[in-house]
Amino acid sequence: MVVKNFQLTLKHAIHGIEVTRLYPEVIMDLPAAERGIHQLDVRTCIGCGACARICPNSCIEQVSYKYGNPLKNKKMKFPQIDYGRCMFCGLCVDDCPTGCLTMTREFQIAGWNRNDIIFGPDDIAVGKYSDEEAAKLAEEARIAAEEKKKKKAAAAKAKKAKAEAAKKGDEGSGEKKKEE
Amino acid sequence: MVLSTIVESITDFVVQEPKISGLIIGLIAAAIIASVINVGAMGVVWLERKVLGDMTNRFGPCRVGTRWGILQLVADAIKLFTKEDSIPRGADRPIYVWAPIVACITTMLVAAALPWGALNIGGVVYPLVAVNMDISAFFVEAALSLMAIGAFMAGWASNNKYSMLGAFRGMARMVSYEVPMGVCVISVAIMAHSLNIVEIVEAQSIWYIIAQPLGFVIFMIALVTDLGRIPFDQSEAEEEIIAGYVTEYGGIRWGLLYFQEYIIMLLGSVLLVHLFLGGWNGPVIPVISILSPMIWFLMKMILVLVFLIWVRGSLVRFRIDQVTDLGWKWLLPLSMVNLVWAVAVGVYFA
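Note that the protein sequences, when read in sequence, are chains A and B.
248 is the number of the first residue of the first sequence in the numbering used here; add one for each residue after it.
16 is the number of the first residue of the second sequence in the numbering used here; add one for each residue after it.
No lab work stands behind these hints, which were simulated from the structure alone.
Idealized CB from N, CA, C, for every residue including glycine.
Each statement offered as a hint is correct.
Chain A residues, not near chain B, derived (Cβ > 10 Å throughout):
1. L318
2. G337
3. R352
4. I356
5. I364
6. G374
7. E393
8. G416
Below, in silico cross-link-like pairs of lysine-lysine (DSS-like), each with a Cα-Cα straight-line distance of 25 Å or less:
9. K258/A with K65/B
10. K65/B with K251/A
11. K324/A with K375/A
12. K407/A with K396/A
Sequences are here, hints too, so could you generate the full structure?
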């Protein structure tokens, strides 16, 4: 029995296979479905806030961010995630209607204080627009909004006119009714 | 010119004031011994962590100081020195404080009488020993058993039942194994016709591991027990009594007690090399003939150290009753047999 013990330790010492991983340099193989920190496609995010509503730990907050797509996300509100509270359940990803919020395999997010691990839209965004693009898009969005406003105004006007016409018609009919 | 005048004045001083010069030389020797055993023990700790890591499929220290982790122990020492120094409220203060110091003094006593290799100058081998006593083997054996006093002081002063249990176990172990160990030393001394370790080494034309293998095995087991290493670490059995006599210690006090174990391990392996493995004896290596005894000595010492680490990695802890059983019922009678053998062979060859 004693000899066997000695043989075993000698074998382990000689074959040189180490089971320890030297962590920062060598990271274990992560599964394909690893739920690490999020990734936000700011071009498709519509700022609906579904992620913030479904979050069981209420770690998601909708905050303003300027490099998104104003044509889709009119209020320009994007999710900011507090990883101090996040439990990586993935409900936000499941609930996202446009599929713009996904989870990556990155998990090293340690910080020196609590504010370090609150990740704003800028930290998790992909497909950010450049300043020019953002300005252009903002302009487009403004024009689109104005047009819409005009349309709306026109529609309102038309509606009003129609309503007035209808009122007149009504009055006419009323008279007719009275006459009868 | 200047050098010769300095040498002259020093010789004059030594002749005029033999007591003071003796004291100065003694202090210098003590400083050298202290640094040698401390640096050596640091090496032993590093070796243990590295080899044990290999045996358990780990890396061991590999970050501080190159990929071999050479400076890991320096980092550990800095950590221990800067830790808070706390003494338990119910502790027996003076004894608590003095226990690690007594333990370290013990190691110094042993180290002073042990030869630390030798130099071959012009065909004559000069042993490097601080105090070349006639009874150094006996002295070393006696001083090694003083180690139990430090451990017992620590266990007693801590005011903790686990510490106390550890100290009792250490004492019981020490008492039951010092006897066979002492008998083995006597057997060696009989064969070499001397109690002086230097003369014992010089007498080993045949290594005593071959002349008295039984004695070597007994001495080895008793030595591992003396060092308090697995499979004989009942005095600090982590799974049973937390950390035994060091339970209540922290910071550098704990560091000293821990480090003292490794110093003793180093000294024990040196003693084993001198008594049974022929010390610095070995064929003269041509080009570096001056260092050749030193190289042989260091090689043997490192082999013994690795073997001790191998034992630790391979075996499990005995129960305390098994330990005392083994000591009194097996090793003591066998060591007596070995003594008779040593006398017979010694007389036959003398």
